[in-house]
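J.: Chains A and B, in that order, are what the protein sequence lines are.
Start counting the first sequence at 377; every next residue gets the next number (the numbering used here).
Start counting the second sequence at 377; every next residue gets the next number (the numbering used here).
I should point out that these hints are in silico values taken from the structure, not numbers from a laboratory.
A portion of the hints provided could be inaccurate.
A pair counts as met if it fits within one copy or between any two copies, since identical chains are not told apart.
Derived pair list, reagent style DSS-like, types lysine-lysine, alpha-carbon separation capped at 25 Å [to be verified]:
{"id": "1", "residue 1": "Lys563", "residue 2": "Lys624"}
{"id": "2", "residue 1": "Lys539", "residue 2": "Lys561"}
{"id": "3", "residue 1": "Lys418", "residue 2": "Lys594"}
{"id": "4", "residue 1": "Lys418", "residue 2": "Lys459"}
{"id": "5", "residue 1": "Lys418", "residue 2": "Lys465"}
{"id": "6", "residue 1": "Lys459", "residue 2": "Lys415"}
{"id": "7", "residue 1": "Lys539", "residue 2": "Lys557"}
{"id": "8", "residue 1": "Lys465", "residue 2": "Lys425"}
{"id": "9", "residue 1": "Lys597", "residue 2": "Lys418"}
{"id": "10", "residue 1": "Lys557", "residue 2": "Lys624"}
{"id": "11", "residue 1": "Lys465", "residue 2": "Lys415"}
{"id": "12", "residue 1": "Lys535", "residue 2": "Lys563"}
In this text, all values refer to a predicted model and were calculated from it rather than measured experimentally.
2 protein chains.
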Amino acid sequence: MSQIDLSKRELFKGAGALLIGVAAGRLLPVSKAEAKKIKVEKWPWPYVKLDPTETAELAYREWYRIFCGGAVISSVFSQLRQKVGEPYKSFPIDGFMFAEGGIAGWGTICGALLGANIVANLVIGPRITGVADGELMGSEIMEWYTETKLPTYIPKNPKVPTKDIPLTVSNSPLCHISVGKWMKKAKKSLHSPERRDRCARLTASVAYHLVELLNQWKDGKYETEGEIPSSEFEITAQYNCEECHLSKVPSPPESE
Amino acid sequence: MSQIDLSKRELFKGAGALLIGVAAGRLLPVSKAEAKKIKVEKWPWPYVKLDPTETAELAYREWYRIFCGGAVISSVFSQLRQKVGEPYKSFPIDGFMFAEGGIAGWGTICGALLGANIVANLVIGPRITGVADGELMGSEIMEWYTETKLPTYIPKNPKVPTKDIPLTVSNSPLCHISVGKWMKKAKKSLHSPERRDRCARLTASVAYHLVELLNQWKDGKYETEGEIPSSEFEITAQYNCEECHLSKVPSPPESE
Numbered sequence: 377m378s379q380i381d382l383s384k385r386e387l388f389k390g391a392g393a394l395l396i397g398v399a400a401g402r403l404l405p406v407s408k409a410e411a412k413k414i415k416v417e418k419w420p421w422p423y424v425k426l427d428p429t430e431t432a433e434l435a436y437r438e439w440y441r442i443f444c445g446g447a448v449i450s451s452v453f454s455q456l457r458q459k460v461g462e463p464y465k466s467f468p469i470d471g472f473m474f475a476e477g478g479i480a481g482w483g484t485i486c487g488a489l490l491g492a493n494i495v496a497n498l499v500i501g502p503r504i505t506g507v508a509d510g511e512l513m514g515s516e517i518m519e520w521y522t523e524t525k526l527p528t529y530i531p532k533n534p535k536v537p538t539k540d541i542p543l544t545v546s547n548s549p550l551c552h553i554s555v556g557k558w559m560k561k562a563k564k565s566l567h568s569p570e571r572r573d574r575c576a577r578l579t580a581s582v583a584y585h586l587v588e589l590l591n592q593w594k595d596g597k598y599e600t601e602g603e604i605p606s607s608e609f610e611i612t613a614q615y616n617c618e619e620c621h622l623s624k625v626p627s628p629p630e631s632e
Numbered sequence: 377m378s379q380i381d382l383s384k385r386e387l388f389k390g391a392g393a394l395l396i397g398v399a400a401g402r403l404l405p406v407s408k409a410e411a412k413k414i415k416v417e418k419w420p421w422p423y424v425k426l427d428p429t430e431t432a433e434l435a436y437r438e439w440y441r442i443f444c445g446g447a448v449i450s451s452v453f454s455q456l457r458q459k460v461g462e463p464y465k466s467f468p469i470d471g472f473m474f475a476e477g478g479i480a481g482w483g484t485i486c487g488a489l490l491g492a493n494i495v496a497n498l499v500i501g502p503r504i505t506g507v508a509d510g511e512l513m514g515s516e517i518m519e520w521y522t523e524t525k526l527p528t529y530i531p532k533n534p535k536v537p538t539k540d541i542p543l544t545v546s547n548s549p550l551c552h553i554s555v556g557k558w559m560k561k562a563k564k565s566l567h568s569p570e571r572r573d574r575c576a577r578l579t580a581s582v583a584y585h586l587v588e589l590l591n592q593w594k595d596g597k598y599e600t601e602g603e604i605p606s607s608e609f610e611i612t613a614q615y616n617c618e619e620c621h622l623s624k625v626p627s628p629p630e631s632e
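Let the hints inform the model, and build the full structure from the sequences given.
T.: Here it is in structure tokens:
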């Protein structure tokens, strides 16, 4: 897929456009002076290693304030605001509350996964810089999420007994499918304290794993397992084709 | 659904916690002094009305640099960086390139829709402030997207002839379904110039509509048509249940 073709040529083309301050195709070209002011678009952002457990505890508690997507971002960036300062102090964490329920209750991407993608890409940087590890780390966390019995993290002071929170494998990064399979197994409604605590724990689980990977990256030891599914399928896609298409998985058109 | 229950009580509870600088459940309480520094979390952000056509042209061109999600954000925020300044200069637009292909090629939420949700929520603010119009505007744009023959916007200097870009209705906010239906109708591959230009035009169409709504809001005339689907379905969901479930749409468990 062209827009996620991570070829060196494209990467360096992108990086070059950024460095000389003239982004191809902009109506409002970025001057060198202006580019200097926009320090938030210089990557990687400064990062110090964080404690995964403390991060997960923060994410768990923040879920009950701003829910899944905001909570993952807050769990990492609130610590970095204190330990590093800028550019984290200038990032509007609470503005991402809308990620709840798979974007305003639409059940699309799990908000915790959106939060993890945002954090990984803002810390490491977008692939236009010439480094694709941010995008690939986000993708790696999505794949881990789809294959793992979640939630993995048990909070220190849970609001609901752990015995009431069964574990499920989503096989999908979509909130609708992840939450739906859990509700079916647990026999609990969307409004139940158990479903709410399951999503708070899942958010904590994602934040925990995110910080594990970011700490590896900080140590120079991150070797991504992330892949771009559209490169394999010739269409943007999850890995669970049969779940919706049953046995009739269509083939994408070939026009080039 | 509890996390998207827009009751006044919850809204004011959230707003109160923010105003006194002690967010319930935080491990790292926000002091009054610190809250003052974090101006990016005071809403609404300053907004001046933008020209929808100029915004769409910017989005179209930016698609070819940072793709769908980044392009929608850039089309609005790059203008506001010039016309307003902060907090837009401190927002890392390019960091959202990962929204491409429904988040790193996974086909989840259409990146242009993610960009529109981010812009609406950051300009108007999250519902924890006591105002839900940002989240509802994002949801309204998603519903418009699912029902509209897209792309609606024809760029002034298109890279591909307009006759080669058929229009399709997605019935879904998901990239996989939106792009898949278009590819099927157009008989074009993911890598084709036509598919790429379709997504660039769609991104411009979303940016155009987003600015139309933001301008209404700026004039005090925005009356949202946005709804939160999970309130209707008792599960986070799109409106096209039968498309995956066929005639066997399951009922969510009732546990309370």
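J.: Does each hint hold? Answer for all of them.
T.: Cross-check of the supplied hints:
no., hint, result
1, Lys563 with Lys624, "between (30 Å within a copy, 18 Å between copies)"
2, Lys539 with Lys561, "within (13 Å within a copy, 49 Å between copies)"
3, Lys418 with Lys594, "within (17 Å within a copy, 32 Å between copies)"
4, Lys418 with Lys459, "both (19 Å within a copy, 22 Å between copies)"
5, Lys418 with Lys465, "both (16 Å within a copy, 13 Å between copies)"
6, Lys459 with Lys415, "both (18 Å within a copy, 19 Å between copies)"
7, Lys539 with Lys557, "within (18 Å within a copy, 43 Å between copies)"
8, Lys465 with Lys425, "within (17 Å within a copy, 27 Å between copies)"
9, Lys597 with Lys418, "within (22 Å within a copy, 38 Å between copies)"
10, Lys557 with Lys624, "both (22 Å within a copy, 15 Å between copies)"
11, Lys465 with Lys415, "both (13 Å within a copy, 9 Å between copies)"
12, Lys535 with Lys563, "within (19 Å within a copy, 52 Å between copies)"
When held up to the earlier numbered hints, the structure conflicts with none and fits them all.
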